[in-house]
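Asker: Sequence:
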Amino acid sequence: MLGALVAAALSVPVTAPAGAKGTGGNYLKGPVWARDAADWNRTSSPTIADVTGDGVPEILFGSQDGWLQVVDADGRNVSGWPQPVVVAPGAAATAVDSSPTVGDLDRDGRPEIIVGAGTNWPRANSGPGGVVVFRSNGSVKCRSRMAPYAGRDAVYSTPAVGDINGDGYPDFAFGSFNHSVHALDRNCNELPGFPYFQDDTIWSSPVLYDVDGDNRAEVFIGCDSSAGPPVDWQGGIFRRLDWQNGGVVQVWQRAIGDTFYSSAALGDIDGDGRLEVVTGAGNFFHHPDGRRVWAFHLDDGSNVPGWPQDTGGTTLSSPAIGDIDGDGKAREVVIGNADGNVYAFRGNGQRIWVTRPSTGTFVDPSPIIADVIGDRAEDVIIGNDGATFLLDGRNGHEVQRVGELWSYETSAALGRFGARGWRLITAAIDTPHRLSRMEAYAVRAPSRTPSWPMWRKNARHLGARPSGRLAAPLPAGYCSRPSNPPGVPSARSARGYWVLGGDGGIFAFRTPFYGSLPGIGVSRRAISLSSRPTGRGYWLLADNAAVYAFGDARSYGSMAGRPLNAPIRTLVATPTGRGYWLLAADGGIFSFGDAKFYGSTGNLRLAAPVISMAVRPQGDGYWLLAADGGIFSFGSARFKGSLPGTGLCSTPRAVQIRASATGRGYWLLGADGGIFSFGDAKFYGSQPGLYGFRSALDMAIRP
Numbered sequence: 004m005l006g007a008l009v010a011a012a013l014s015v016p017v018t019a020p021a022g023a024k025g026t027g028g029n030y031l032k033g034p035v036w037a038r039d040a041a042d043w044n045r046t047s048s049p050t051i052a053d054v055t056g057d058g059v060p061e062i063l064f065g066s067q068d069g070w071l072q073v074v075d076a077d078g079r080n081v082s083g084w085p086q087p088v089v090v091a092p093g094a095a096a097t098a099v100d101s102s103p104t105v106g107d108l109d110r111d112g113r114p115e116i117i118v119g120a121g122t123n124w125p126r127a128n129s130g131p132g133g134v135v136v137f138r139s140n141g142s143v144k145c146r147s148r149m150a151p152y153a154g155r156d157a158v159y160s161t162p163a164v165g166d167i168n169g170d171g172y173p174d175f176a177f178g179s180f181n182h183s184v185h186a187l188d189r190n191c192n193e194l195p196g197f198p199y200f201q202d203d204t205i206w207s208s209p210v211l212y213d214v215d216g217d218n219r220a221e222v223f224i225g226c227d228s229s230a231g232p233p234v235d236w237q238g239g240i241f242r243r244l245d246w247q248n249g250g251v252v253q254v255w256q257r258a259i260g261d262t263f264y265s266s267a268a269l270g271d272i273d274g275d276g277r278l279e280v281v282t283g284a285g286n287f288f289h290h291p292d293g294r295r296v297w298a299f300h301l302d303d304g305s306n307v308p309g310w311p312q313d314t315g316g317t318t319l320s321s322p323a324i325g326d327i328d329g330d331g332k333a334r335e336v337v338i339g340n341a342d343g344n345v346y347a348f349r350g351n352g353q354r355i356w357v358t359r360p361s362t363g364t365f366v367d368p369s370p371i372i373a374d375v376i377g378d379r380a381e382d383v384i385i386g387n388d389g390a391t392f393l394l395d396g397r398n399g400h401e402v403q404r405v406g407e408l409w410s411y412e413t414s415a416a417l418g419r420f421g422a423r424g425w426r427l428i429t430a431a432i433d434t435p436h437r438l439s440r441m442e443a444y445a446v447r448a449p450s451r452t453p454s455w456p457m458w459r460k461n462a463r464h465l466g467a468r469p470s471g472r473l474a475a476p477l478p479a480g481y482c483s484r485p486s487n488p489p490g491v492p493s494a495r496s497a498r499g500y501w502v503l504g505g506d507g508g509i510f511a512f513r514t515p516f517y518g519s520l521p522g523i524g525v526s527r528r529a530i531s532l533s534s535r536p537t538g539r540g541y542w543l544l545a546d547n548a549a550v551y552a553f554g555d556a557r558s559y560g561s562m563a564g565r566p567l568n569a570p571i572r573t574l575v576a577t578p579t580g581r582g583y584w585l586l587a588a589d590g591g592i593f594s595f596g597d598a599k600f601y602g603s604t605g606n607l608r609l610a611a612p613v614i615s616m617a618v619r620p621q622g623d624g625y626w627l628l629a630a631d632g633g634i635f636s637f638g639s640a641r642f643k644g645s646l647p648g649t650g651l652c653s654t655p656r657a658v659q660i661r662a663s664a665t666g667r668g669y670w671l672l673g674a675d676g677g678i679f680s681f682g683d684a685k686f687y688g689s690q691p692g693l694y695g696f697r698s699a700l701d702m703a704i705r706p
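Position 335 of the sequence shown, counted from 1, bears residue number 338 in the working numbering, the numbering being contiguous throughout.
None of these hints come from the bench; they were simulated from the model.
A quick note: this is a predicted structure, and the numbers were derived from the prediction, not measured.
Errors might be hidden in some of the hints.
Per label pair, the in silico range of CB-to-CB distance [stated by the list, open to error]: (1) F512 - Q253: 39 to 47 Å; (2) S558 - D235: 29 to 37 Å; (3) F642 - N248: 47 to 55 Å; (4) N286 - G331: 34 to 42 Å; (5) D217 - G260: 29 to 37 Å; (6) G274 - N80: 42 to 50 Å; (7) N192 - F642: 20 to 28 Å; (8) N248 - A150: 36 to 44 Å.
Ideal placement from N, C-alpha and C gives every residue a C-beta, glycine not left out.
All chains should be built: construct the whole structure from the sequences, respecting the hints.
Answerer: Below is the structure:
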């Protein structure tokens, strides 16, 4: 209990700036607050996630005293926290080297927190190893103790959340020192076929991604291996594991001459549409392979052309992927090494720059990537055994040095904290006083959504960019209707709205969050969002015509797997919320639940494909929207205008239509985020640049 009490007592605001000691400016201002803990935090990187559901994220981290901390934007304990990480009832708290993972395992709109427990450090709390799942209020939902192998049971690996067995609910995967890869369901039960015994200890954290499109996330993870049976390989093995027919299948493996301590990152680094995993290595066997950065094709494990690359020092650091050259494509790889250098590579393996920070001797922490300087090229923030550094992404030059403490192996994290704005959170060791210190620095708002804002990229710790691509650039601007500037898709009501991202991610504005495709581990492109009339649920439509229901929404069927004359484009709910229509690109209509058919353009020759539909609130008619902004009316729906009649000298491509509450008007959404109102639909504005949107996708109105 001492660690929790001291941590709470020593959270204090800091008003005097620390002062930049670099060469370029004071972009990281502060610390605005600092928080000390009575025991060391060696490797539990801070996670930023909205745990309380108030729309403002919290900061989560563990430490060697065996306590899991959740603090608010000002560094104060959140109600119900901290909590001891107790793997078995009645046992002592176990030290935490893993980073806490946040995901909605039950799909009830309330997130759970998963944390691994156990360490190889003798001075730490030495309770049994395993994982504990907490509810957001600090109570324990479930826990799982690892069965020791060769006397080892620690979970150093950070869990990743995704649907591994395809049942529609998220699972979580991780490695253990007990020589196995584990995958547990939302109630901490091991999935059939797991644990997967793999020969030696596992330090790495997994990447989860559905590469074969079967709605089950595969597990990609690096593992140690030693001479002698059952595997008889001295070095490391990187594996792709797939859950099939109630068991686990190793699809491919790559063996190297040293261990995999580093955790992989996923992205389309060479821009060929084929995804890759990039990883560092380890140093147990002192083999040359441990100095290299590796890139494997996700589908078959083959080497990506131009890789591996040798850095001259052990690559224990985990790589991050971002857009450091500012070309709008997140394809550059950044990683540190044990010789004290930070490297940046292009997707073809070409070195962009290498830099050595002004203090410190080794770089084991992993970088985060975001545009902090404000030149639209993303920058690198990384720590070492001397300080934390802001590096200019274009050239690697050290811009600022902050937090004169030892980061050991913790990564920083960047997030937006409501009215307080953006803050950088660092976690490091104050070695003279044998304390851990967390610090918060004020940061200007990034010019775009950060490519890699925290350890493992996101709070689910997937280590993945779901699409591997950035949105398209903005089209030509407006020359009339200046009240509708380019920006984010936003259809506003008095109670709030949701915004849908291309990977199925959901952003909730003044309304609850009920889940998303990445949150359940589904890696499909999302194409449509529709809310229930209750405002307590919504449907997401994926590009394979599959329908996913969240909150109080229910599935009534889909066109997935059925022969079609044209692809399905959108889903629209009935006014009762007990059914929906699916719209095809040729204007064909498919009705499910209590949805009724009033006609279609499926038998017409069209100048542009049909892309969206809106239903009258009375349910007695609907409008179809074509890509050129043309409108087709059916049933009791009446024509009120279209984009070609707005007077724009450069008409944006239309992407969505939504009906007004009376059914006597509608909104049209342009591809650039502009919103246009017709009939009695009112214009409430849009929000340019929010969350880095560069191409609008969809809009939803909360009833």
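Asker: Hint by hint, note whether the structure agrees.
Answerer: Status of the hints after comparison with the structure:
At roughly 43 Å, the beta carbons of F512 and Q253 sit within the given window of 39 to 47 Å. The hinted window of 29 to 37 Å between S558 and D235 is violated, with their beta carbons roughly 48 Å apart. A C-beta distance of roughly 53 Å is found between F642 and N248, which places it inside the suggested range of 47 to 55 Å. Checking the proposed 34 to 42 Å range against N286 and G331 shows it holds: the Cβ atoms sit about 36 Å from each other.
At roughly 34 Å, the beta carbons of D217 and G260 sit within the given window of 29 to 37 Å. As the Cβ distance of G274 to N80 is approximately 45 Å, the hint placing it in 42 to 50 Å holds. Remark: the range hint 20 to 28 Å for N192 to F642 is contradicted by a beta-carbon distance near 56 Å. Checked against the hint of 36 to 44 Å, the pair N248 and A150 fails, with Cβ atoms roughly 25 Å apart.
Checked against the numbered hints given earlier, the structure breaks hints 2, 7, 8 and satisfies all the rest.
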